[in-house]
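4 protein chains.
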Amino acid sequence: MPTKGLRYVNKVNLDKDAATEPFLHNRWHPDIPFAGTIKNNETVKIECVDWTGGQIKNNDSADDIRDVDLTKVHYLSGPFEIETAEPGDVLVVDIQDVQPLEDSPWGFTGIFAKNNGGGFLDEIYPKPAKAIWDFEGIHCSSRHIPGVKFAGLIHPGILGCAPSHEVLKTWNEREADLIKACSHMDRDVALPPEPKGVHVGSGEAQTKEKVGKEGARTVPGRPEHGGNCDIKNLSRGSKVYLPVHVKGAKFSVGDLHFSQGDGEISFCGAIEMAGVITIKFSVMKGGMAQIGMKSPIYVPGPVEPQFGPGRYIYFEGFSVDEHGKQHYLDATVAYRQTCLRVIEYLRRYGYDDYQIYLLLSCAPVQGHIAGIVDIPNACTTLGLPIDIFDFDISIEKPAEKRQLGSCAYASS
Amino acid sequence: MPTKGLRYVNKVNLDKDAATEPFLHNRWHPDIPFAGTIKNNETVKIECVDWTGGQIKNNDSADDIRDVDLTKVHYLSGPFEIETAEPGDVLVVDIQDVQPLEDSPWGFTGIFAKNNGGGFLDEIYPKPAKAIWDFEGIHCSSRHIPGVKFAGLIHPGILGCAPSHEVLKTWNEREADLIKACSHMDRDVALPPEPKGVHVGSGEAQTKEKVGKEGARTVPGRPEHGGNCDIKNLSRGSKVYLPVHVKGAKFSVGDLHFSQGDGEISFCGAIEMAGVITIKFSVMKGGMAQIGMKSPIYVPGPVEPQFGPGRYIYFEGFSVDEHGKQHYLDATVAYRQTCLRVIEYLRRYGYDDYQIYLLLSCAPVQGHIAGIVDIPNACTTLGLPIDIFDFDISIEKPAEKRQLGSCAYASS
Amino acid sequence: MPTKGLRYVNKVNLDKDAATEPFLHNRWHPDIPFAGTIKNNETVKIECVDWTGGQIKNNDSADDIRDVDLTKVHYLSGPFEIETAEPGDVLVVDIQDVQPLEDSPWGFTGIFAKNNGGGFLDEIYPKPAKAIWDFEGIHCSSRHIPGVKFAGLIHPGILGCAPSHEVLKTWNEREADLIKACSHMDRDVALPPEPKGVHVGSGEAQTKEKVGKEGARTVPGRPEHGGNCDIKNLSRGSKVYLPVHVKGAKFSVGDLHFSQGDGEISFCGAIEMAGVITIKFSVMKGGMAQIGMKSPIYVPGPVEPQFGPGRYIYFEGFSVDEHGKQHYLDATVAYRQTCLRVIEYLRRYGYDDYQIYLLLSCAPVQGHIAGIVDIPNACTTLGLPIDIFDFDISIEKPAEKRQLGSCAYASS
Amino acid sequence: MPTKGLRYVNKVNLDKDAATEPFLHNRWHPDIPFAGTIKNNETVKIECVDWTGGQIKNNDSADDIRDVDLTKVHYLSGPFEIETAEPGDVLVVDIQDVQPLEDSPWGFTGIFAKNNGGGFLDEIYPKPAKAIWDFEGIHCSSRHIPGVKFAGLIHPGILGCAPSHEVLKTWNEREADLIKACSHMDRDVALPPEPKGVHVGSGEAQTKEKVGKEGARTVPGRPEHGGNCDIKNLSRGSKVYLPVHVKGAKFSVGDLHFSQGDGEISFCGAIEMAGVITIKFSVMKGGMAQIGMKSPIYVPGPVEPQFGPGRYIYFEGFSVDEHGKQHYLDATVAYRQTCLRVIEYLRRYGYDDYQIYLLLSCAPVQGHIAGIVDIPNACTTLGLPIDIFDFDISIEKPAEKRQLGSCAYASS
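Here the protein sequences come in this chain order: A, B, C and D. Just so we're aligned, residue 1 is where the first sequence starts under full-length UniProt numbering, counting upward by one. Just so we're aligned, residue 1 is where the second sequence starts under full-length UniProt numbering, counting upward by one. Just so we're aligned, residue 1 is where the third sequence starts under full-length UniProt numbering, counting upward by one. Just so we're aligned, residue 1 is where the fourth sequence starts under full-length UniProt numbering, counting upward by one.
Just so you know, these hints were derived from the structure itself, not from any lab. Mixed in with the good hints there might be a few duds.
The list makes no distinction among identical chains, and a pair is therefore deemed to hold if it is satisfied within one copy or across any two copies.
[Stated by the list, open to error] Simulated pairs of lysine-lysine, PhoX-like, Cα-Cα distance not exceeding 25 Å:
{"no.": "1", "residue 1": "K72", "residue 2": "K196"}
{"no.": "2", "residue 1": "K169", "residue 2": "K196"}
{"no.": "3", "residue 1": "K169", "residue 2": "K280"}
{"no.": "4", "residue 1": "K247", "residue 2": "K213"}
{"no.": "5", "residue 1": "K149", "residue 2": "K325"}
{"no.": "6", "residue 1": "K4", "residue 2": "K45"}
{"no.": "7", "residue 1": "K397", "residue 2": "K208"}
{"no.": "8", "residue 1": "K45", "residue 2": "K239"}
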C-alpha cells in the first residue's frame, strides 16, 4: 500500500517572468484555456506567485511600489477544470493548508501612491511605502515595523470560478455605468477591461486580444462568483462554496496572504507572498438551487490564531468624516474614521503614521459593523490585538516614545 | 467587618410612567440636572427601563410597534455626577455585570414600520413586526421564532457623558446640514431636536423647554461621546473609556440589550429589556490628551459566549444592490446584501422573512468588513452561529421545511 | 399575558443557624424527606448557604478555619422531588445561572490545618490559612492576595440525586474496606458515617438517628451519582446528566463556588460562597440504559472566561516525589509536583507560599493529565493564566519582589 | 538582499535503516556525540523519523505492532550543540512549525500487546491493534476508524537536553529502586538501561557500549529535563523552557505527533509520524536560577484547533476501579475509569472498543484533574469534542448503530 505526497498541479519558478507562464492568467474570462484538470474529490497542491508577479522586491525602497504596473495584477493560478462541474453546481473548496514557498519565506505590504492604485486613506497618506515581512514558521515580523510579531492568519485573497459570457457582460455593463456616473470624480472608481498587460496562460493571440477587450479585471470581488474577496478568515481548514458558471468550473486561485486585517485598507495591504495552497475539490450537483445561492458562502477553519476577547483594544468610528461633515449611515466613512483613531493612538509610541497604516492593513485586526441603523451615524469598530506588540500598549499606562525606525519609502 | 450588597443609585418601577421618573431623561443636553452622585472608584448598580419606557408589551401583536412614539426614546438613567470628573478627563466605565430585572425576565425585538422608524431593510420589509423573548438564566428563546435558543451577549446599547454646550452646537449644526442636503430624499436622514415627548428628569419647565429646543436626540451614537453605539460586545467585564465634556461627567446609560447582532439591523433590533447594570467608575485625569482620544474606546470582557470558529456559516455581500446597481466601495450597501443572503438561506427551513430579519437583528451574528479597497466593490461578511438552532442548518445537508410559526404582526 | 420572575423553591436567611433549616441537609441518604417539589421541565431558583453553613467569617483571622467543625459539612439544599423521575431515568440539570446572594458579595478560600481536614499539600503546608474574596459583578479580588483579579467560573461544587439503599450500602462497604486497609496510615483516608453534626432537614429524630448511622458523608464525589465532583467548568449554561436512583430523584445541590482551579487543591479551596442557582430540570425516561450511563456526564456552557491559549504558563510535574522517590504512573504525585513548581515560580514575586497555595486552589488554573503511559512517569501540567495578575509574570522578564501582604493566619 | 529558506540541520531518508543514521540516537546519555551545531538565536529545520524508526507500516495488519522491537525506541534527532549554552542556562525552544514530511502524509496509532509494551487499559484490552491515519493539510482521517475527521494539534512528543552524568546517575538509581520495590508485580514498571538495540548516532563502539550500559531509556519523561512528556499542546507557536545540564545543551527532539489526546492512553497512542520541526533556539544565561526552575515550563501557541466549550461532552471518573475497589485519591485510577466511560458511550454507535481506545489516544480529548482532595475519591474528567464526528453524538439523541468497520488487528 504505497503512500506518497499530494499531486502538484503546477510548480512556480520565481526566476521566470509570470507573464510567460502557461498556468497563470490575470483577467476573468470564460475563454481563457484550462491550465490543468482536477478530479472531483481530488486533493491537490497549487502553487501561486505573489499577486504582482514578482514586481515587488525584498529591499528597503518603495520605488517598486511607486512604479508598480497594475495592468498586470493579479496573477492567478488556473483556470483549472474540475471534472463533472457544470453551471448551477456549487464547487466546494476545502482549503486543507496554505503555506509560503519554502525557499521564499518573506512577504510585503505596500501603500500605493495616490496616483497609482491608492488605498483607503490615500487622501491623507498619498505617498508610496512598503514593509517587508520575514516568516518564521507560523509567525512573522518586519524590520520596517519593529515591536510587532504575530501568527499569520494565512489565506488566499482570491478564489473563484470563471464567469459565463452572460455574467461577464453583466459585470462590464454594471461597472461601466458606475464609471460613467462618477466621471466627475478625480479618481478611478472601477477598472474597465484593459488590453495592456493582459495574460491568458496558454491562450493564443486571438484569445489574448478578446480577453484584453472583454476580460474583467481581478481587482474587485463580485457577488456572482466571489473572486477578490480578501476575507482574512478563509484560512487553513476553511470550506468555501462557490457558484459554478461554466462547464468544468474554470477555478482560479491566487493573491496568497500570510496575514491580513479586516478591510485590507492599504489595498496592497495584506502580507503578500508566493506560496502553495492545498485544496480538496468536490462538486455539489445542482447546489446553487439547493442552497438558494447568489454569492459564495464559507465556513472558517478551526485553527485561527486566538487571543482572548479581553486582549483587544476596540476603537470606535462614526460616519462623520475628518472634515466634520455628517454622512448618512455610511459604514465606509465610519470605518475610515475608526482606522484614523487607531493611528492617533499608536503614533504616541513612536511609530510614524505610514507604519501604522501598513500594520492595520496586514495584522489580524477585527473590523466590525456595530450599528448601522441609528440615523445618521453608522458605527464601526476595529479591534487591535495587544499581544502582537512586544511592549505594553494598554490604555491606562502612559505611552512612552520609542525608536521604532521607519518603513520603506520611495526615493524622491 | 460588615459586608453588604452594592448601592443602587436608583430603582425602577415598571408600573410607573417613565416620563415622570426624576432619574430618567431622553435627550442629550448639559443642562439636564444630576440624578445622583457617584464617587470616583465607586461601584454601583443602576436600573434602567427598556428604551421605549414600557411602550412595548409582552403579547402577540405588533400594534404597539406600529404605533410607538419615537419622540420619547431612549429613556436613559442619569445623568449622574461622577465626583472629580472634569472636561478633558476620561471616565473609565468598568461594566461589572448586566442583568435583566429579576421580575421582568423577557424582552422584545421589533421591526418598525417603514413610515414610523424604519430599519435597515425597510425598502423590502416595510411592515411592523415583533418577537418576544423569554429569558432563562443566560439563555433566551422566543415563541415567535421557534427553533433557536442562545446565550445572551448582554450589554447596554447606550452609555456616554453629556455634551458640553459647544459639542452640542456642533452636533446640531452638523446634522441640520445633512437634513438640508438630503431634503430630496423621501426618508428621515437624521432627527433634529424635538420638543414633543421630551423628558428631563427632575428638571423644571424652563429646562424642559430649552432641552426640547436644543437637546440632541439619543438615536445616533456620536463620535465625541459615544452614546448609542449599539456595540454588541460591550458585555460583562468590558471597560469603556469615555471622553468627559462637562464637570461631573453627567454620565447616562440605558437601552439595555439581552443580545444583539452586529448592525442591529431592524433598528429596534436588539432584545430590548429593562435591567440593571453594575458599574465601577473611575476617572483618568487629563486622559483625553494622554490617550489622544477623539472617540470612545473599549476593551471587551472575558465571558462572551463562545462558538468555535468552524461553527459559523459566513455569508458574503458586495456593493451591488438588489436592483443590480454598482455602488462605489459602499460597505452599507454590501452589508445590506449580506443580510439578504442570510434571509434567502434560512427561509428554506420554513421561517418567514420577517422572522429571519428579527433574528439577524438580535442573535450574536458577526458582521465584518472584509475588503474595502478593491474598487468598486466593498465586501462584507456576516457570520451566523449554527449552534443557536436546534436543527442542523449545515450547508451540505438538504434543507427541509418545518413548521416554524410566525412572528407577531400588527392588526390591519 | 403576565410575566414574572422564576419561582424560588427556598430562601436562605444567613442570620439563621443552618442546622435548623428544613431545606438543608448534610448527608446522602434516601430517607431524608423531600424539601419541596419541582415539576418536570420547570425552571426554579434554589438558594444555598456556603458549604460550612456560615462557620467561616469575613475577617482577617484563620481561627475559624482552624476550628471548623467538619462533621457538619456540606450543607446542601434539598432533597427536591422532581416529578416523574424514577430509578433508571436520567435527570437533566440545565444550569441556567449561578450568582452570589446579592447581599453577600464575598467568599472565602481556606487551607485547613493538617490535623483538621488537611489538603493536597498538607505535608508541606500544615497550617490553617484563609483568603477573603470580594465580588464585583463577574470579577473577584482579595485583600489577602493582592495583585490578582479575575472573572469567576462560577459553579456548584456538589449536585446529585440521593442514593438508593442499595447504592448507599455499596458506598459504605467500599469505603470501610479502604479505611481498614489503610489503618496503618496516620491520616484519614475516608470519612465513615458520623452521627455528630448530622442534619436531615425536616426529618424527625428517628430519621436523624438512622441517617447519622448510615448516611454517606458529602465530602467525596462518587461514581454512582456524582455529588461532590468539584468540576470547575460546571458553570452557567452547563447541562449535567445525573443517574436517578430513587423515586422523585431527591436532587440536592450546594457548595457553590465563585471560582475554582482544577483539583481544588487546598480542599476548602474554591471561593466558597452563599448563592443562588437557577436550574431547569427535565427527565429522560429510561436514560441510564439508553446512554449506558454509569457516572454523570455533562456539557459545559458557552460563557467560560476565555484567555487565549498563549496567555497561560504551563508547568510540568512528574511522578517523582519531593523526596526523590520514583512512583509508578501516579498522576496524583505528579500533580502535587506540578503545583509545587508553580509555588516556586510565583514566590519570586513576593508572595508567601500559603498565598500561592490558596490562589492555585481557587483561580481558574487548568490541570491536565498529559502523559499517563510512559513508565514509570506520569506527567501532568498546570496552566496558570497570566492575565489574572496586574503585573507581568512572563518567563523571560526577571522577577521583582513586591509587597504582597499576607493571607489570614490563625492566632497562636 | 537575498532571501532563502531556513537551514536544515539534517535530512531524513525513509528508505534507510534508522539504526545507521549518524544524526539519530535512542538513549539519553551525555557522551553521545553532537549531531550538528546550531547558533544561539538561529532558526533551523530538523527532520525526524517516526519514533519506531519505520517499524510500523501503512497496511491493514497489526502484526508489526505486535512484533515491535521496543529496545530501539525512540529514535531522536540530535543531540545538537547549541552554541553558548552551559549548565544552569535555560534553553528557549520556540517551535515555529511542525509538519509531516511532504512525501509521507500518513501516521499510525497503535495499541501494543499487553506482553510487549502494553498501555493504560491493557488489563481489559490486551490485544495489539492499529489505525492508519491519512493527512490532508491540517486534517486527518482513518480508514480504520470511519466517521471521524479532525485538525491535528501537531507537536513533538519528546524534546529535551541531555542529562549530565550526575543527573543520569540519579535517574538510574531512582528507577532501579522502583523496579526492585515492585518486583512482585507481573509487569514492567520501568525500563532499565538496555544494550540491545542501542544507537548512538556517530558514536564509536566504545561509546555505544557505555551508553548501552548506562543510557537512560527514552520512554518516560523525567522532571530534570522533560524528554518524553507527550504534552499535546506543545504545538505550532509554543515556547518551551528547558534546563541545560551539559555544555552545548545536547538538545534532541523526536516522536513527532500529528495529534494526541491527553494521556496518550494506548502508549503508542498519538498519531505517530515522520516529520519536520522548525525551531528557533535561544539561550537564557543563568536561567535556571533566575526562574527557580526544576522542570520544564512552556507557553502554548495561539493556533490550537478550537471548539466552543459547549461542543464537548465531558465524562467523569472516580478512584473506584472496575472491580469496585476504592482507591485513595488516585487520579490514575480515576482517569482509567473516565476513559472506560467514554468507551461505553461510543460503542453504542457501532464502534468496537479497540477503535475507541485508539481514538481516545490520538484525538484532541481534554483530560482534566477535577477534584483531588475529596477523600477518598479523586475525580477526573475527559472532554470529547463532538465536532470530530460526522454524525451526531449528542446525549439526548438516541444512538443508532452504524457500520463502522474495524481497526487493524494482528494475524493469529
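Report the numbers of all earlier hints that the structure fails to satisfy, in ascending order. 3, 5 and 7
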